[in-house]
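Peer 1: Let the hints inform the model, and build the full structure from the sequences given.
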Amino acid sequence: MPRLVINPGTNSAWEVQLKQGINKLGRSFDNDFKLEHSSVSGTHCEIVVENGNALLKDLNSTNGTFVNRSPVKEARLQPGQTIHLGGVELLYAGDAPITATVGATEVIPRPAAPAPAPPAPRLSISASRPAPPAAEPPPPPTVTHTETALAPPSAAGMPTFSGRGNCKFHPKTPGRYHCAKCQLFFCELCVTSRTVGETAHKYCRKCGSELNPVKVTIQREVVKGFFPRLPGAFIYPFKGSGVLVLIVATLLFAGLDVMSAGLFGLLMRMAALGYLFSYMQNIIHSTAAEDDEMASLPAMDGLFSAFFTLAGVVLISFGIPIGMAVAKMFFDVEGLSVPFMLGLTFVGCFYFPMAFLAVAMKDTALAANPAVVIPAILKAPLEYLVTALFLAGVFGLRFLGSIMSSAATSVGFATRDMSVLFMTFGIRMFWAFASVYLLTVAMRVLGLLYLTKKEKFGWFSR
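For what it's worth, our numbering labels the leading residue of the sequence shown as -4, then goes sequentially.
Treat the hints with care, since some could be wrong.
Claimed, not checked - Mimicking DSSO-like on lysine-lysine, the simulated pairs with C-alpha atoms at most 27 Å apart in a straight line are:
#: 1; residue 1: K29; residue 2: K448
#: 2; residue 1: K201; residue 2: K176
#: 3; residue 1: K176; residue 2: K163
What the hints assert, rightly or not - Pairwise CB distance ranges (calculated):
#: 4; residue 1: M399; residue 2: P226; range: 19 to 29 Å
#: 5; residue 1: L239; residue 2: S65; range: 35 to 45 Å
#: 6; residue 1: L258; residue 2: K451; range: 42 to 52 Å
#: 7; residue 1: A306; residue 2: G338; range: 33 to 43 Å
Derived from the structure by calculation, the hints contain no laboratory data. Here a beta-carbon is modelled for each residue, glycine too, at the ideal position from N, C-alpha and C.
Peer 2: Below, the structure is given as structure tokens:
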């Protein structure tokens, strides 16, 4: 199948294999291939693969789609052409005698050249192996790569090797050609191509020897489910630059408690809550993208839009009990019992986590409607029950901690003892940090729920 090499010629080069039919590329999660770059549109373009041909179509992207530096709306791709989506460069590679990704690899014998050529050098492991009869042409070399120790010789007596078959110059890219002389693997970008007759031959740039094409066999990693991943959520906030992110987030969110009243104070609180939503959404998106390190802080834009999105989730989840409480408090409506309102609040607490997850992934408050949320809950009932209970415990701890922190603050304001003042200040700062930590862990758990159950949810299926 045709392939795309992203960031070709760089140390961060990686590739994807296109499938038959429509392949969408863009920055959002509902694409077949997600490109993390601010210059790439949410759904930037699509490549339609049919009968070995590939047709590129721009989907009204903001920064345009380019083939060989020329802007296009629709173009039929040829192997070797360069595609630019905003600031991201891609190389289109057509069909090749290989299958994608990493794992065990074996060298495929190259096709015979039209003219007679001397036999390729044979790879050997032991000098004690008997040589083949003189009249019999030497078999092609076979090199098998695994992630384990040295394997024994095969039944045919051919040597096997241990190691990774990644490109010499691009360690993250599988090597697709093997040099028998240099004993190195190279990707498609690191070899020289020459056509002899009607056959394309690949040569080593280092020694000039002809290369053997490599078939890369898929060895799929065992995917962890929700419960095995759950303990890692507690150490997630400390990975990478997580501690620094937690400290900065603590200082930012602490401003919620010191904002003045009035219209300006109200606007600042709305902006702060919007940033809090963006922070939580950022962690969920990072987890859904299978990032193991702590997500960075979000940008300071779209804060009021984020606030209204968060407010929409809260209203949809708790709108009925909130409306009943307002009616009972201000209009003295009869027949609204407190136990009934508490029961509806409990239902809202159970509904809210999945509603929040749907809104965070779809980036619209309309995703919190029951037609999306309830089927998702029913598709992963046990995992969601554990998630809801965990989040309830986290928010319960945060509520109790806030009460204790407020009490410590009151004591600090009332005392003249400097030691008591510093102690109460320390308690308040510790709990502010712990509160952000617990919130981060809770969002990580929500992200893990989506990551492990996204196929069942089918929110972005076509």
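Peer 1: When the structure is checked against the list of hints, which entries are broken? Sort them ascending.
Peer 2: 7
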